[in-house]
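All chains, please: the whole structure from these sequences, using the hints.
Here is what each chain is made of, one letter per residue.
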Amino acid sequence: MFHALVSIKQVPDTTNIRIDPETNNLIRQGVPTILNPYDAHAVAAAVEWKRKLGGKVTIITMGPPAAVTSLRECIEMGADRAILISARQFAGADTWATSYVLAEVINEIHSKDPVSLVFFGKQAIDGDTAQVGPGVAVRMDLPVVSYAVKIREVNLEEHYVIIERKTESRNEVIKTSLPTALTCEKDIAEIPYASLPDLVYSLRYEPEVWNAESPITFDPAQLGLKGSPTTVFKTGTPEKHSAGEVFKVTEVGLDGVVKTALDKILAVEGMASMLGVQK
Amino acid sequence: MDKNEKLVFDVIVVGAGLSGSAAAAIAARGGLKVAVIERGQNPGSKNYFGGALYTHSLMEIYPDFWDRKPPLERPVTETGFWFLSTDGLVKATVQGGKVNSNPIDAYVALRAKFDAWWAEQAQKEGAFIIPKTLVVDFIRENGKVVGVKTDRDQGDIYAPVVIITEGVNNLLTQKLGLAKHDLKGESSALAVKQLISLPAATINARFGLTDNDHGAALSVMGDVSMGLPGLGFLYTGVDCVSVGVGVTLEALREAGIKPYELLQRYMNHPMIAPLIAGGRLMEYGAHIIPEGGWSTMPQLYTDGVMVAGDAASMVNALHWEGTNMAIVAGKSAAETAIEAHQKKDFSAQSLSSYRARLDKRFIMKDLRQYRNLSHFLKTHPDFMAIYPTFLNDALGMFFTGFGKPKGQLYKDILKSLTSRRPLLKAVGDIVAFGRTIIGI
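Just so you know, the protein sequences line up as chains A and B, in that order.
To convert, note that position 196 of the first sequence is 196 in my numbering; the numbers rise steadily by one, no gaps.
To convert, note that position 417 of the second sequence is 696 in my numbering; the numbers rise steadily by one, no gaps.
The hints are simulated quantities; they were obtained by calculation from the structure and are not laboratory data.
Worth double-checking, as some hints may not be accurate.
List time: in silico BS3-like cross-link candidates among lysine-lysine, alpha-carbon distance up to 30 Å [claimed, not checked]:
hint, chain 1, residue 1, chain 2, residue 2
1, A, Lys50, B, Lys690
2, B, Lys411, A, Lys50
3, A, Lys186, B, Lys411
4, B, Lys428, A, Lys52
Following this line, the structure appears as structure tokens:
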């Protein structure tokens, strides 16, 4: 049976986010949270293939109790089961500690109810690391296809999947064995508009809650801040680029423009020697 | 829950705004199974106002309102009119005394935050909120409304009574024939506003507020609207200022002025600009206000349906009331729905007690009294421009006429009026305005 598992994250809506110029921290107060957009498309893809092949879709997320809202959104899209992994011990986890917890959870689910595909969004829009998906895959010893844009074929009899992934220069087509992990771009599937009964069902849905002890026991040393080797030394806001100077051909002529621009470039300290030009 | 189960409720509320969530709370508290259908991502995401909320209406729905930790900004401890000329300002505001009531009568609020919370309170009473869903039509049986159709697949929801609180763009109310026409440009104001972020201490200093527990709500008249009949406003939040201006759609269209030009000019006024200088734009928005009141009010009920709030033109443009009418009307509609369930009679005849409830309250009394206001403003387009400027001149001359014979001073003051408006016409304006607000 086809069983897709999607790992999602609830994130602050970064279109609304601001950085405190004094402390360099994200101002989270009053910022609405949303289902990470790439994850939403991953869920949509999982549901799309469930509708083609039959089977089911399970959603997991590690986060605070408020993440239930995002889990309900996945149920609304057509997922069948949702699990919230939530406990104080998990707080402050970096991508290393997070992938430990998720891998343990997915292994537990897989042992009872074998998983064919493990979906992730390509990255979360708050941290932008793109590390958790591949991190989980490595811990589980699964093949991983990152930046997936299309699932061409899922063959349950012969245990393979064919996925298109995006690279900077071209798309690659990858055939790999099941189960496999993939991290999704938005192109992977359109977000469906749920039927009213599905929406109403999702609004009433109560996800299962897993904590640090039950139903599986985690190694406390690998959880949360304690289990996170990442140290943030400094964060900051990139400087804003000011608009470039404009030299108009109509005013100073083409030669004038080129000469002025060249002079400006060469006037930058070290530029002339770097370019090997005599001033 | 079985996904194939037919969705049946005791009452459907269309729109989770102030009126809808109030109706939902009262109906749920009265034991009804309530569905609220909201088109926005969350309640509040489509809602917008100046603005301030009125305590009496909030406490009428929740007597323990203050224990529920409502997300309000500042209490309104100073309020009144500001009259602008092109380069001057006369303030007529009041503070202390009756304004310093307990609790304070009005609070500045931000609707995105407040309405979300307001809907949550209705949810706590037991109402079921269905977001992201648009009601597109009604389900009728034997000519009577028995539910609504939404834009989703298998999108029908049934209830013997529907409360429409769909807001100013009252397409459903029109669809039922309760409103006979679409929004009218002459009685619909377009209000545009910016929310400007400033440190609380700066706001306190600029508006003369003692601390963050003091706030101002100001109606600004005169040179705010490029000569169009319109009103400006200023509201202080904790660390933000709402600054905006509203003008009728018709006036905007006739003058060919774009709303953002209007707002920009208002914000650049020499008396306004320093108040918001250095602030950062947090929000830019616009909303239509149904200022027609009585003259554009639809029929308020029919078989299985009641209409409340902006959808029913429940706005008193002069007193900036609307939110309180919406809330009280929502409550009245819910009480009527509870009664109808007790009687098991959802006919127009049975629901007519909704209208009777509103008749007893300030809502119908005031709207009726101010029924000619939008006509007055239409027929006296420069009323809002002439007198504030004159007031600036008159007071300005009175307080600077040093070393001048005072007889001459008074003649000059009178001249500054008559040069703008002949004396008889000015007297006529005042009388007409008086008659308008007295309601004769």
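Results of checking the hints against the structure:
1. A:Lys50 x B:Lys690: violated, 87 Å
2. B:Lys411 x A:Lys50: holds, 24 Å
3. A:Lys186 x B:Lys411: holds, 21 Å
4. B:Lys428 x A:Lys52: holds, 29 Å
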